[in-house]
Each structure stands twice: as structure tokens, then as C-alpha cells.
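Novice: Each chain, written out:
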Amino acid sequence: MEENKAHTSVFAKPKNLKRRKIVNSIMLSLCVVAAVISILPLFYIFFYTTKSGISSLNLDFFTQMPKPVGEAGGGMANGIVGTLILISLGSIIGIPVGILAGIYVTEYSGGIFSNLIKFVTDVLSGVPSIIIGIFAYGVIVIPMQGFSALAGGFALGILMIPTITRITEEMLKLVPQSLREASLALGVSRWKTTLQIVLRTASGGIITGILLAIARAAGETAPLLFTAFGNRFWSTDLNQPIASLPVQIFNYAISPFDDWHKQAWAGALVLISLVFIVNLIVRIVTRDKFANKV
Amino acid sequence: MEEEKINIVTLADEGDLSETDVLENEPQGKSYEVETKNLSVFFNGRPAIAEINLKVRKSTATAIIGPSGCGKSTFLRALNFMHDMVPKSKVTGEIFINSRNISEFDTVDLRRKVGMVFQKPNPFPKMSIFENVVSGIKLNGNKEKKNLHEVAENCLKHAGLWEEVKDRLKQPAVSLSGGQQQRLCIARTIAVEPEIILMDEPTSALDPISTQKIEELIFHLKKEFTILVVTHNMQQAARVSDHTAFFYMGKLIEYSRTRRMFTNPREKLTEEYITGKFG
Ligand SMILES: Nc1ncnc2c1ncn2[C@@H]1O[C@H](COP(=O)(O)OP(=O)(O)O)[C@@H](O)[C@H]1O
Ligand SMILES: [Mg+2]
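Top to bottom, those sequences are chains V and R. For the first sequence, the working numbering gives the first residue as 1, with consecutive numbering after it. For the second sequence, the working numbering gives the first residue as 1001, with consecutive numbering after it.
In short, the hints are calculated from the structure, not lab data. Any given hint could turn out to be false.
Label-pair restraints from in silico Cβ distances [to be verified]:
1) Ser-1175/R - Glu-170/V: 25 to 31 Å
2) Glu-1224/R - Ser-178/V: 24 to 30 Å
3) Ile-26/V - Gln-1235/R: 16 to 22 Å
4) Asp-1106/R - Asn-239/V: 30 to 36 Å
5) Lys-1088/R - Asn-24/V: 55 to 61 Å
6) Asn-1101/R - Pro-96/V: 48 to 54 Å
7) Glu-1224/R - Leu-195/V: 30 to 36 Å
This one's a predicted model, so the numbers in the text were calculated from it and none came from an experiment. The beta carbon of each residue, even a glycine, is placed where N, CA and C say it ideally should be.
So here's chain V without its partners, still in its complex pose (with noise of 0.2 Å):
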């Protein structure tokens, strides 16, 4: 009998089941609330641009350069593809150092060199990008006398190292060891181990740190202030000063006239629109063929 009650009674109505429900209801709302405003400034963001800038977008904005002050019309064909150019060589130098840095970390060393890896990763991450514009300047523009595309893909190219190596480390770690016990049981030597089963088991996530840092450094002001510098006129010489989204957008939105306000709305509507079609691309492109299938 006693033994009878006990086991009915877990099927019982608990009495303070009311109670629980409209604390699981509180919570859920909560979480519901904090949701809605942490996806609000995006849309609000994407809502304003477009609203903005789309007034002053048109073809001409893609292929037209700057037009003096005073008159109407022209575009920003220089610092889109600045920014282009800029993202391409800050990828060329930020994207194989952070790998590198992140496979050194998590596979080859465990030592004191390691944690100080991790440890500068750490500050870097957190180094105003002003201060990386302005390191850029002591290592770059003054040996070579003068602004250049180049620095500015350097400066670019430091600022995206500790994002991809952080996520490349965190991503590696979680590769079971049991994938590179399997691997080097087969007898595949460490390195290959590390690039075709340790790598590309972690592909997915490191490519959306790459993802990341390539739009984080396309929406850089800052450090290409003082490398890149900016120019009026149409070049694509890696020696030369270069045009980009971000400073252009920067000097139309400080200036007094309301056509180059408008203009710069247009720009930051197009940045946006050119991280998010990067995005778009890179994952189509290294889409898992797996994916929808397990």
C-alpha cells in the first residue's frame, strides 16, 4: 500500500504546478523580449540606410567618380573598389597568419609560447584600431614614404589576425581527438592530419570567423586614416594612396552639403550591402555538401 502511494503520486498534479508555469512563462517572455532587441538595431540600421540612401543610389553611384564640390550627381566608383582591393590584401595577410597561428596553438604547442600567443592575441583583439592604423604608419608609411594601398591592407590585414586565429583555436579544440588518433593510426603524417581532417572537420565555424573579420575590417575607418588615406581620384596602384567606402563615407557625412550627406548614405547602404554579398558568396561557395543530409 505505502508503496502504492508513492508511485502515484509522481503522476500526481504537484501543487505548486500553477507556479511553475508562470515562471517558465515569465522567462520565456524574457528571453523572447531580450531576442527582439538584440536583432532590433540591425533592422533598424538596414531600415535606415536604405531609407537614407537609396535616394542617391543608382548607377552612376557604382561607376562614377567623385564630382567636385558643388556640383550634383558622380559616385564612389573609387572607394568601392578601394575597399575591394583593401579587403583582398588584408585577407591575403590577416587570413593565413591567423590560421597558422590558431593550428600552431591548438596542435603543435602546449608551452609557455603558446599561452603568450594566446595572451597577445588576447590584447591585440582589444587594441583600438587607431593604434593599429597608427603602428601601421611607423612600419609601412614612413620606410615608404608615403600613404599607400598597401599600408592600408597591412593595417587591415593585423586587425583581422586575432579574430581568425581566436576562432581557429576555439574551432580546433573542438575537433574530437579521436579524429586524429583515426587519422594518424592510418598512417597519415601529422601535418596532413592537420590541414585534411583536423581543418576541414572545423572548416565551417573558422570560415565564419573569417566571415567576421573580413566584416569588421571592411567597415574600418580608423586605421586607414593614416595608410590608406583616401583619394579623390581613380587609382588602383598598391604605392598610391586608395580610395575606400569607409573615409569616403567619413568625409561626405562631416561635410556642409546636404547632396554629399546623402551620398554617404548611399555609401554606408552600399557597405553594408557588400559585406553581407561576401558573406552570401563565401558560403555558397564553401557550402557542406553534407549538410542537409544527416
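Chain V is already provided as a structure; the job is to place chain R with the ligands on it using the hints.
Specialist: Below, chain R with the ligands alone, put in the same frame as chain V:
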């Protein structure tokens, strides 16, 4: 009768426990596939296994039994240099594969000779079933123009998986069941044509039916490969192995013919373990 004589392993009369490898009626010139001499492995200076002397014949299955933490995995992993990956580990003593000291081998070459199957099935998640089977060959950059499809079919047939997967070779390996994954791992291992296959509790994560399939597989594979299998399961050891080694607290306590081990063990400790008094 003939076979009985060749395989009986007995203790030297009053010999020390680790010296358990005296074989009667030694056939002349027949060498051992695996032989360890005073093999010890240390982690952080503490021995996990000590002074292990063991000899294993070609084309036999040897079971390694013993309670958790007694050093079974440590012993197995020493045989293909897996302790390389563990910082602060040290291996002393000698290991011979085919009478050659493994210090003469390059790590990578050694591992191609000595394959390994792990406790938890570990197929490569980003690869298809087919890619998994041929992964060893491909990653090793085997330049010979082998027909990979033929190799894959052969190995999958060997591993008793072909009929189940022949129509879905392009599907991800992780879509297979646990038991199928483990047989895939075995197929992947034999694809690099090892001579010895180490198995570390290959069925402990599997259901009884998959376990039975793997056991049958071991029984067949030992014709072509020399197999060392760690197991927690005494019945499994009895079913699949020719010889059994009982480890306890890092020492090799007894090494005998399996039938003898389970009917008439030499050591009291062995008897207590196999009758379930501890473990
Ligand atoms: N990587 C390692 N680092 C430190 N100690 C280890 C490591 N691997 C195993 N050991 C120790 O070695 C002993 C034997 O472990 P193991 O060979 O895994 O036992 P078994 O496989 O028989 O259960 C245990 O005491 C374990 O704690
Ligand atoms: Mg073990």
C-alpha cells in the same frame, strides 16, 4: 593435437610473472609478429604499465583483459607509437614487429603496418562512406594507380558492410548506425593493408547484434591479420581469441592459451577476475 602443442603457452616453472612467454615445441625459425621486451610506459613519471613481455604469433587473435585502468589501452597504444601525442609520456623497453625493432621504423611507416580501431567509432565526419574507406590511401598520397573503387569494395566486403552500403557510398559516413560505423572504421583500417590490427574495446559502444557482427569479423580477419583486441567482455575474449593476456595494475599477470585461461587459469588473481570476484 598438433595445433595444441604449438600454441600452448606456459609459465617458466618458478619464473617471474612477467616472463610468461615460454612456448613449448617451438617450431624452428618461426618468428613472432609482435614482441615486447620490458615494455613500460610512464605518464608524468608514474608507470601505467611496467615491464611487459609478450609475444604474439602471426595470424592469431590475442585478447587483452583486465579491470579498468590496468593499462590495456596504454599497452596497445605503445605498439603504434600513439603515446607520441601525449605530452609527458615516456616509453621504455623494446618492441619488435616482425623481429624488427620499432625504433628503426619511421612513425608513419610503423602506423601503416600497425592499424588501430578505437572504442568509439570515429569515421571522418566530413567524408562520405566511400571517402572514409579510401582516406588512408588518399591521404598517404599513394601514387600507384590503384583502382580506389575496387579497393573500397574489397575492404567493405571484408568488413561485412558492403551489402548494407553499396547503394549509398556517397552518403555521409555519420549517417550510418554505430555498428556500421565501427565496421566502416575496420574497412578503413584494412584499406592501408596493415599486418597487425589493434582494437581497443571495439564493441563496448555497440548493441549486442553489432557486437556479434564485429566478433565474427575478428574471427575471419585473424586469418589475414594479426589481431590484438582489448575487451572488457570475458565471453568475447573466449569467443574470438587464441591467446589471452590478463593485465592487472600495469602488470601482465598471466598469458595463456584462451581455452586454458578460462578453464584452468594458472594464477589465483586471474581466476578471481574471470569469475567476477573483482573488476
Ligand atoms: N594520457 C594519459 N595521461 C596520464 N595518465 C594516463 C594517460 N593515459 C592513461 N593514463 C593512466 O594510465 C593508467 C592505465 O590507463 P589505460 O591504459 O587507459 O587503462 P585501461 O585501458 O586498461 O582501462 C590509468 O591509471 C590512467 O589513469
Ligand atoms: Mg582503455
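Novice: Indicate whether the distance between the beta carbons of Asn-1101/R and Pro-96/V respects the range 48 to 54 Å.
Specialist: violated (41 Å)
Novice: Between the beta carbons of Ser-1175/R and Glu-170/V, is the distance compatible with 25 to 31 Å?
Specialist: holds (27 Å)
Novice: Could you tell me whether the CB distance from Asp-1106/R to Asn-239/V stays inside 30 to 36 Å?
Specialist: For Asn-239/V against Asp-1106/R, whose Cβ atoms are near 48 Å apart, the range 30 to 36 Å is violated.
Novice: At the C-beta level, are Glu-1224/R and Leu-195/V separated by a distance inside 30 to 36 Å?
Specialist: holds (32 Å)
Novice: Is 16 to 22 Å respected by the C-beta to C-beta distance linking Ile-26/V and Gln-1235/R?
Specialist: Given about 55 Å between the Cβ atoms, the range is violated.
Novice: Does the Cβ-Cβ separation between Lys-1088/R and Asn-24/V fall within 55 to 61 Å?
Specialist: Because 49 Å falls outside the window, the suggested range is violated.
Novice: Has the hinted range 24 to 30 Å been met by the Cβ atoms of Glu-1224/R and Ser-178/V?
Specialist: Holds - the Cβ-Cβ distance for Glu-1224/R and Ser-178/V, about 26 Å, lies within 24 to 30 Å.
Hint compliance for this structure: hints 3, 4, 5 and 6 are not met, and every other hint is.
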